[in-house]
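Quick note, the sequence shown lines up with residues 309 to 522 if you use the numbering used here.
Misleading hints may appear alongside valid ones.
Cβ pair distances, simulated, as ranges [unchecked claim]:
1) Arg-352 with Lys-465: 33 to 39 Å
2) Leu-511 with Ala-347: 20 to 26 Å
3) Leu-484 with Gly-341: 42 to 48 Å
4) Pro-425 with Trp-323: 17 to 23 Å
5) Leu-511 with Pro-385: 16 to 22 Å
6) Ile-445 with Arg-408: 24 to 30 Å
7) Ser-452 with Gly-345: 41 to 47 Å
8) Arg-408 with Val-339: 39 to 45 Å
9) Ala-419 with Ser-382: 47 to 53 Å
10) Phe-454 with Ala-419: 40 to 46 Å
The set of hints was computed from the structure by calculation and includes no laboratory data.
For glycine and all other residues, C-beta sits at the position ideal for the given N, C-alpha and C.
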Amino acid sequence: MAAARANLLPGLVLWAMAFTLVVTYYRYAEVRGMLAGIAELKTRYGYVYSAFSTALFGGLIPFLYMRFNPHTRSSNPWHFLIFYLLLWAYKGMEVDLLYRLQAFLFGNGPAFSVVAPKVLVDQMIYCPFWVSPTTLILFAWRDSGFSVSRTRAALSKRIFLNGVVRLQISTWMIWLPAVSIIYTFPAALQVLLFNIVLCFWMLLLAALTRPSPS
309 MAAARANLLP
319 GLVLWAMAFT
329 LVVTYYRYAE
339 VRGMLAGIAE
349 LKTRYGYVYS
359 AFSTALFGGL
369 IPFLYMRFNP
379 HTRSSNPWHF
389 LIFYLLLWAY
399 KGMEVDLLYR
409 LQAFLFGNGP
419 AFSVVAPKVL
429 VDQMIYCPFW
439 VSPTTLILFA
449 WRDSGFSVSR
459 TRAALSKRIF
469 LNGVVRLQIS
479 TWMIWLPAVS
489 IIYTFPAALQ
499 VLLFNIVLCF
509 WMLLLAALTR
519 PSPS
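Modelling step: build the complete structure from the supplied sequences, incorporating the hints.
Here it is as structure tokens:
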């Protein structure tokens with residue numbers, strides 16, 4: 309329950325931000341014009357765009373915040389930046405591939421018949437059976453000094469399963485509504501909206517989990 313309360317306000321902020329962007333995009337030509345250049349970049353560079361933008365929004369910006377924040381600096385040494393950049397560059401391409409596959413299977417557009425199956429695949433298959441387990445392992449590996457043996461020792465079966473369950477519940481609380489909004493965006497802009505939500509979520513998470521001053 310404490311985790312639920314901690315996630316509620318950030319979740320509301322992120323959902324409101326994403327929803328506002330989608331609504332203004334469809335209602336105002338000026339907003340569509342502003343985002344047309346980004347859509348063109350995504351169409352032209354494809355996975356390269358997704359890797360670069362997600363490494364920036366999910367890796368570099370949150371890391372710099374944590375690094376220069378006195379409360380989180382000691383737990384984020386400079387060499388962690390390489391881990392974050394590589395992780396989120398890969399994740400950007402992975403999410404892009406997921407979005408492309410879902411567009412191929414279900415089509416594009418904001419209709420409920422299009423968005424609903426995408427959300428179900430994303431949040432009921434992709435996240436619980438791939439994203440949460442691999443994320444838990446990768447961050448345990450980071451926290452174990454990038455040692456495979458120490459990672460194995462730290463992740464017993466019980467700890468791993470409990471960790472995946474907790475992580476997945478947090479994921480659903482934030483990302484189930486978020487991806488429901490993301491999938492209403494045009495295909496060329498979905499990674500952008502994913503990046504924006506991801507960046508603010510990482511920043512809010514860092515702020516919420518920082519140690520209290522003694």
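Now for the hints, and whether the structure bears them out:
no.: 1; hint: Arg-352 with Lys-465: 33 to 39 Å; verdict: 46 Å, violated
no.: 2; hint: Leu-511 with Ala-347: 20 to 26 Å; verdict: 25 Å, holds
no.: 3; hint: Leu-484 with Gly-341: 42 to 48 Å; verdict: 31 Å, violated
no.: 4; hint: Pro-425 with Trp-323: 17 to 23 Å; verdict: 21 Å, holds
no.: 5; hint: Leu-511 with Pro-385: 16 to 22 Å; verdict: 19 Å, holds
no.: 6; hint: Ile-445 with Arg-408: 24 to 30 Å; verdict: 25 Å, holds
no.: 7; hint: Ser-452 with Gly-345: 41 to 47 Å; verdict: 42 Å, holds
no.: 8; hint: Arg-408 with Val-339: 39 to 45 Å; verdict: 24 Å, violated
no.: 9; hint: Ala-419 with Ser-382: 47 to 53 Å; verdict: 49 Å, holds
no.: 10; hint: Phe-454 with Ala-419: 40 to 46 Å; verdict: 45 Å, holds
Violated hints for the displayed structure, listed by number in ascending order: 1, 3 and 8.
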